[in-house]
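Peer 1: For the sequence shown, the residue numbers in the working numbering are 345 to 742.
Keep in mind the hints are simulated off the structure, nothing from the lab. A portion of the hints provided could be inaccurate.
Said to hold, decoys possible - No more than 27 Å apart at the CA atoms, straight line, and that leaves these computed lysine-lysine pairs for DSSO-like:
1) K382 with K542
2) K474 with K522
3) K522 with K367
4) K459 with K474
5) K699 with K522
6) K367 with K388
7) K513 with K672
8) K459 with K475
9) K475 with K388
10) K382 with K664
11) K513 with K367
12) K367 with K518
13) K488 with K388
14) K474 with K451
15) K492 with K475
16) K625 with K522
17) K542 with K518
18) K513 with K625
19) K672 with K518
20) K444 with K367
21) K673 with K513
22) K542 with K664
23) K673 with K518
24) K699 with K711
25) K382 with K488
26) K444 with K518
27) K444 with K459
28) K444 with K488
29) K513 with K664
30) K475 with K451
31) K492 with K451
Unchecked claim - Simulated restraints, written as ranges between beta carbons of each label pair:
32) T420 with V447: 17 to 23 Å
33) Q443 with Q368: 40 to 46 Å
34) Q443 with T420: 19 to 25 Å
35) S448 with A392: 31 to 37 Å
Computed from a prediction, not measured in an experiment: that's the story for all the values here. All C-beta atoms, glycine included, are put in the ideal place defined by N, C-alpha and C.
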Amino acid sequence: MVTQPNIIVVRFAELSTKGKNRKQFITMLRQNIQEVCKGFPSCKVQQAYDRIYVLVNDENASELMNRLQDVFGIATLSLAYQVPLAINDIIDAAFTLIQKEPVSTFKVITRRMNKQFPLESDEINRAVAKKILQETDFVVDVHKPQVKVLVEIRHHEAYVTVNTIEGAKGYPVKIQGKAMLLMSGGIDSCVASYLSNKRGIEVEAIHFASPPYTSDAAKQKVLDLAKVLTRYQPFIRLHIVPFTDIQMQIAMNVPESYRITVMRRFMVRLAQRLAEQRRCKALITGESVGQVASQTLESMSVINEVTTMPILRPLVSFDKTEIIEIAKKIGTYDISIRPFEDCCTIFTPVAPVTKPLLHKAQRFESKLDIETLIEESLAATEVVMIRYNDAKEEDSFF
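Start from the sequences and build out the full structure, keeping to the hints where you can.
Peer 2: See below:
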């Protein structure tokens, strides 16, 4: 018998609700798990009807479990023994595992998918419990056990575990297609990316840079944030769009109170152009109703007018404190609050209009050569591909 747990059992989240699309969902989840396993070269991924198994071999199982906890579509996962279909092997595996647990009460639960196995589920439960009771000080508690010994009897082998861990749930990333995230470098857009990933959306990102008003440190901040977000999808394509010329033209031709509105309309135009080129189905922003002047319903309506694409706003009903809690959970908060200005904060007017009128925004924009400004910015766009396994998170991209 193996001396260490040798397999990770992955159970699905919302996949079972998708009916005839189940196979596609499981395949996508398997592919996402395989991407994570590229950082663990000797592990092997196997797909079954209702499970995915990851053979850990000599890998760091604890580290791999931590990575898999961030894969959307996983309901729970367990580090388990894979053993032959023999009751003595099952008993030995359960006994070995429970001895490592700092608890005093337990319960054995068996799922017997292989009905040809000679013992019933209750018989397996009793056989495993008997060994534990005879050779340890543990006691059985069927109502509130401190640890559950889980036994699965499959068609060719059995799996024994005591450490079921919650997964990220949601849908596998990419199953719902792709969307373009407007990424500022602040707290909100990263949380919007994470929540979009959870609903199965693959994210590409567009960031607007305004050199020399924004620094290399501000750009590095965005790259570092994108690196963190690759915990939740295999890689991120980041489009860094020069925005200085557009902002200067806006500053010279648009009244101060309308500058944020017109600037946001340009951002959405640019994002849609790139989204169309990259076959994205929607745009994503980190807007939450009422937080700032550009996020009132009136402002959103005027800004939306320049695009035919749906704009997804995952944070629309969140309080700032709720957004911050999620940012801390996903590891982006400390990077987001680095004191480097982005293009929006540098050109922010003293008193931006909170209820802009569409005809006024259009009249101010008529003074600008919109198409030329957009084409020039797109032509100078820098594209950076960021993968989780490519470099250490602290590495500089410059």
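Peer 1: Is the hinted pair K444 and K488 satisfied, with a Cα-Cα distance of at most 27 Å?
Peer 2: holds (19 Å)
Peer 1: Holds or violated: K475 and K451, Cα atoms, limit 27 Å.
Peer 2: With a Cα-Cα distance of about 13 Å, the restraint between K475 and K451 holds, given a limit of 27 Å.
Peer 1: Please work out if K475 and K388 have their alpha carbons no farther apart than 27 Å.
Peer 2: Cα-Cα ~32 Å, so violated.
Peer 1: With a cut-off of 27 Å on the C-alpha distance, tell me whether K382 and K542 pass.
Peer 2: holds (21 Å)
Peer 1: Between the alpha carbons of K699 and K522, is the straight-line distance 27 Å or under?
Peer 2: violated (32 Å)
Peer 1: Is the Cα-Cα distance between K672 and K518 27 Å or less?
Peer 2: holds (24 Å)
Peer 1: Is it true that the CA of K492 sits at most 27 Å from the CA of K475?
Peer 2: At roughly 15 Å apart (the allowed maximum being 27 Å), K475 and K492 satisfy the hint.
Peer 1: Mind checking the alpha carbons of K444 and K367 for me, to see if they're no more than 27 Å apart?
Peer 2: Given that 27 Å is the threshold and the Cα spacing comes to 37 Å, the pair is violated.
Peer 1: For the pair supplied as a hint, K459 and K475, confirm whether the alpha-carbon distance does not exceed 27 Å.
Peer 2: holds (24 Å)
Peer 1: With the threshold set at 27 Å, check whether the alpha-carbon distance from K673 to K513 stays at or below it.
Peer 2: holds (15 Å)
Peer 1: Verify the proposed pairing of K513 with K367, using a straight-line Cα cut of 27 Å.
Peer 2: Cα-Cα ~17 Å, so holds.
Peer 1: Hinted pair, alpha-carbon criterion (27 Å max): K513, K664. Please report holds or violated.
Peer 2: Holds: K513 and K664 sit about 24 Å apart, inside 27 Å.
Against the hints set out earlier in the document, violations occur for numbers 2, 5, 9, 10, 13, 20, 25, 26 and 27.
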